[in-house]
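From first to last, the protein sequence lines stand for chains D and W. Residues in the first sequence are numbered from 1 upward in steps of one, following my numbering. Residues in the second sequence are numbered from 1 upward in steps of one, following my numbering.
Think of the hints as simulated: they come from the structure by calculation, not from any bench. Being a predicted model, the structure only gives us computed values, none of them experimental. One or more hints might be untrue.
Computed footprint of chain W on chain D, listed as stretches where at least three residues anywhere in the stretch have a Cβ under 8 Å from a Cβ of chain W [what the hints assert, rightly or not]:
no., region
1, 159–171
2, 202–209
3, 327–335
Even for Gly, the Cβ is constructed at its ideal location relative to N, Cα and C.
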Amino acid sequence: MAQIPNLDNSPLNLTALREQSQKDLLNIVKSIRGKKCLVIDPKLAGTLSLILQTSVLKEYGAELRILSADPLQTECPKVVYLVRSQPNYMKFVANQIKSDEPKGLQREYFLYFVPRRIVACEKILEEEKVHQKLTIGEYPLYLVPLDEDVLSFELDYSLQECLIEGDTSSVWHVAKAIHKLEFAFGVIPNIRAKGVASSKAAELLNNMQLEDPVNMDNMGMPEIDTLILLDREVDMVTPMCSQLTYEGLLDEMLEIHNGTVEVDSSIMGAQQDGKKVKVPLNSSDKLYKEIRDLNLHVVVQVVRQKATSIQQDYAEVKSTNTQSVSELKDFVKRLHSLPEIARHVNLAQHLQSFAAKPSFHARVEIEQIILEVENYEMCFEYIEDIIQKQEPIETVLRLLVLFSLTNAGLPKKNFDYLRREILHSYGFEHMSLLYNLEKAGLVKRQESRSNWVGISRALQLIVDIKDPEKPDDISYIFSGYAPLSIRLVQHAVRSGWRSIEELLKLLPGPHLDLKRGASSISSSSEVLPGSVGQQSTDRVGHRSLVLVVFIGGVTSAEIAALRFLSAQEGMGYDFLVATTKVITGNTLLRPIIASSKEGMI
Amino acid sequence: MSSSVSVAAEWDLLSDRFYRRITIYSPLPWSSPATTTASSSGGGSGAGRLDLSTHIVAAAPFGGPIAAVRDDSKIVQLHSEPSRRRLLLFSSSGHPLASSPWTPHLPRLHSLAFSSSLNLLALLSDGSLLRFRLPDLKPIPSSSPVPLLPPTSGGVADAVFWGGGVAILTEDNRVVVTADIEVDDPHPRELADPGVGEDEQVLCMAVVEPQFVMSGSPEVLLAVGDRVVAVDEDGVQVLGEALEIGPVQKMAVSPNGKLLAAFAHDGRLLVIPTDFSRIIFEYECDSALPPDQIAWCGLDSVLLYWPEVLLMVGPNGDPVQYNYDEPIMLIPECDGVRILSNSSMEFLHRVPDCTTSIFGIGSMSPAALLYDARDHYDKQSAKAYDNYQLISSSLPEAIEACIDAAGYEFDVSRQHALLNAATYGIPFCSQFPQGRIQEMCKMLRVLNAVRDPEIGMPLTIQQYKLLTATVLVGRLINANQHLLALRISEYLNLNPEVVIMHWACEKIAASTAIPDIVLLEGLLDKLRLCKGISYAAVAAHADNSGRRKLAAMLVDHESQSSKQIPLLLSIDEQDKALQKSIESGDTDLVYLVLFHIWQKVAVEKNAPLDFFGIINARPLARDLFMTYARHSKHEALKDFFLSTGRLQDAAFLLLKESRELERNPVASKGSLHVPQVRLIDQAYRLFAETKEHLFESKSAEEHAKLLRVQHNLEVSTKQAIFVGSSVSDTIKTCIAMGNERAAAKVKSEFKVPDKRWYWLKACALATVGNWDALEAFSKEKRPPGGYKPFVEACIDAGQKTEAVKYILKLTNSAEKSEAYERLGMHEEAKAAALQADNNGDELFSRLKFTLGQNALIDTLRDRFSSQGTY
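Make a model of the complete structure from these sequences and hints.
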């Protein structure tokens, strides 16, 4: 199975989008004649593996290297750097070029910025005195399909940039990427945004339409009906909770990178130990598509059923000799799904070894208690304990952030105490981390009463699960907690922001409800408010497409919730998710921890 | 058919083909602008006559303008003309467009020519080149000539221009070609030595233009003695020796580059392929005197001009002779030749087949009948219908021919008549494409508009198609005919942006006396006509013309920030640029402005403070600066924090520096912590200056203390394992090393709470396997947080029996159950869990469903593991 997802079932023609990215890249490689060394930054190399087989690049005479601080080892007379516009990479590039000089190497250097050239980066190249030696170009990769319904802007640092640094580059990037989508699929007539970055992105998108309008004359109806933009900041609660869906747990425990997880080959049932294997995870795998969004224990049952039924068939085939050819064929066909079943049996088993631990249960339990804002003392002590035990700092912070958010902060005494315990346990180098978290409002001193309970009641975030096998609400995702972000999307789709305006004011950042597009389509959009659900199902066979954009990241569990929603009866909507990055609580916090420690934020 | 006769009467028959001379403009005004502007003379029309015989003249193809300079090698009778020479520019209709004084003391002018983008080129006899822009004849790039020949060449003997270049034959018989004559800095190349002997003479030269040569570079043909040689960069080739042509006196290459017309010394005119493979035809002229001019008329005939006689020679039959009692100039076009004389502009071309079929004498072609039918119809004669019946089956061709023929006419009434004939046929012919006639009307309207003597571009329809509408619009713009250009653009649905843009720039250049506000209104009026036009480009022009204020006003209207902001910077509107860049949301633009301001400010004194002031008021700019500065401009960042009162940020920066010291150990070994502690102390003091950062100041203080304590520990234990670890880790290390006293000291110095102390000590003792000490520790007193630390320490160390000791002491049943579970003691776990349930601990049971699937999965896994695939 390939790492590059099959996009044929996508609600939007994402294949064309990906092919354009392929073409752009190949054109760059082709435009530089002869043998060349293509140096790619490490993160981008992962991204590109979602776009094309790297072997294709080799066909065009490109030798591949990953950018690092070390000098470049290659025989090629031409060196092509393909790097994202980040200052640290510029220093790498400069170092490599400078290290060629004393060796007397006469090389031609090309630098392609992804997605565009940036003054701040070129400045560094100038200061390092290598700018003159470079031929500079751009590779406008703003958006990559991760799967048939998930797009990624590949902005790992968006959250900390927006929330802590005040650098809104990623907001511009998001707006630009959506604007580019509009050139292919039409101007999106409805926009709903919540949060500082999202509202800004909506505004930028409008400006871009003014500056560089999408011509709708020969396009027909826009393919995307509604754009919903949400800041991660609006709902920091959800990512702090442990995900319980299959995909969510895979990401939490093993970390999914570019649509694959890396595990020991022994886990996947191979004989030789110690080797790592990459397992691709996307909806091209039919079974995975079926089970990725289910609770892990349901996944186990589904996989078991499939396996046993094949086994029964096998037994039948073996015992009786009366099957017709067509029946046999049918059986053989089902046998083909065996590798898929085996793969997920292995992975589920591996996950279970984590998820069955009492400590995991205890943790999920405490999360629930924090969410319900019950038993403050117990929660406080739990957090105190895990700090003193020196559990991984991500684990500690996830709970602490959750605790602080639901309680609108901690009383000063507790706040200072826990902070001191953290510094004593993990080192004083985390001072700026705590300061940054405080600035971002994630862990702070209590100054007012918490409105979390009110929000949670009004939006029915805490729901008792009746039958975990046949869920009827998105709260199944977190075994009784419906993610706030997705509840907001649910409202936004159903009736716009108007119905929950008061509630929105309790959450960070402004909100925005925009109608736009060419005058020709404005008439149809005027009917929309209030009757959205009806109208979209009225048109026979037509399902409206809603693009939900998360600035600052989204978890697999939330994507699962959106898929669940669109699969509900009477929902005339398909969702397409676009995110700066697919995150877990850990991968969200880790860069903040690391950058704070290095003093880079 | 009487009406047609008069038309054909003007035609001349050359073998089986008709040719016609159309008088386009006559008489020509030729009034020299020099006299009108100087106006000192009587202003009589005769006084300003441009006399071809006394001027060096160039005319651009495609109905382009005419340039002239008086030829000072000829004796001229000065009437009332000024004695100083001027460079004159006329339209094809003879209207003066511009003139400028010819710089005196230049080397003699050899020839004038137009480049394909209509710059005027003047080649001087020393081989240097002057170039002038139209329509104002401004020298470009400067008024000093560009040398094309090496200084020793002896000057120009002969030269041939084509659209993009010039080939020069030098006095010392070498050939230099310049193929990029339009660029500011052309690169002349010398071709191979043609090998002209001492006593030989180059009789004439011609050039096969680069687009007709395989190699893409021009090929120069030279007639030397009784041979013709082809010269290019690689070598010289003698052509057609077998043909025995003899000395060639005059040559011309056909418009398609394939044929050569050569006038031999014995009076023969030969037409030869350019590879000299054979003689296609030859004609013996009456005179052996070489003609003054030789030119191709289309591809079918060659024109030879001797004073007063113009001879047109075709492949068969007798030539046609025209007489002129005044000097003329032949201007070859793609489909014929324009003939310029002192009094008129004519166009000589082959009569198109469609025209012959209609107007040919005695023609009974369907088209002729249709044309006639229309005539009858207009006269209300029933014969119209008779004609129609005769041609009904071939009506479409007839209509087609009438439309086409209309296109070839210069005479508007004849265009009308032909189109009328076509429209008469159309109702009878439903399948005839509707668009054809509209298309032709459109083209003719454009052509008639530009042929107007006021404009003076006598384009034929074929020339127009070859030139394209876009280029025509460009030419009109360059002739400052903006209104017509705009109308044509709108009429043909072309983007009017180029026209309006050019107009705006010219307007600015020409309006030095108009106040900014008034000019702005005038400009905006027109710029608004074109959506998406770049105001920034117009503004940039205004700035270049020295009107910075106008530029600032214009750039305000630019909607694209990426164009607007660089311009704002270039006109010193930094504040506005910063403001706009922030509004644009494009952080890259904000950086652009920031770097610009930073660089500008850097050269001034007291600079950083100004810069800090500017950015501090704007959060996005400030934050971006901070982000960037963290990477490479630490000192500036610190200054910024201190000067704007962000003491805590400065303190954090100091902490960062202290950590960097830790990572890059300097030479001063042993006392490493001293500079580090100094930085942390500084940070502490900065934190302490504000109330809000009490926690941070305390922490910094503790941090410094910890480093000192750790340093002392390293000294006393002689082990470099402490510095850089946390308080908790320090305690653990001490305990693990058996140094209880040191651990206790750290505990008290840092006021470590008892609860944490129990976790740390239990863990450290278990790690080193000191179970007795652990037990003793558990019995010291009742642990403040219960026995959990002991249980977990033992489980983590894999000590089941030790663990059970402490599990029994746990008070919480749920915890007990969990601990047993971890040890794999399922029965005990169940029992404890039961107890927990009874205690009403429903929280524990809530998530039980994730438990207990292990066994099932194990069996499945075994079954599939043999497959080994995933």
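Against the structure, the hints:
| no. | hint | in the structure |
| --- | --- | --- |
| 1 | 159–171 | holds (count 7) |
| 2 | 202–209 | holds (count 3) |
| 3 | 327–335 | violated (count 0) |
Violated hints amount to a single one, hint 3; each of the other numbered hints is respected by the structure.
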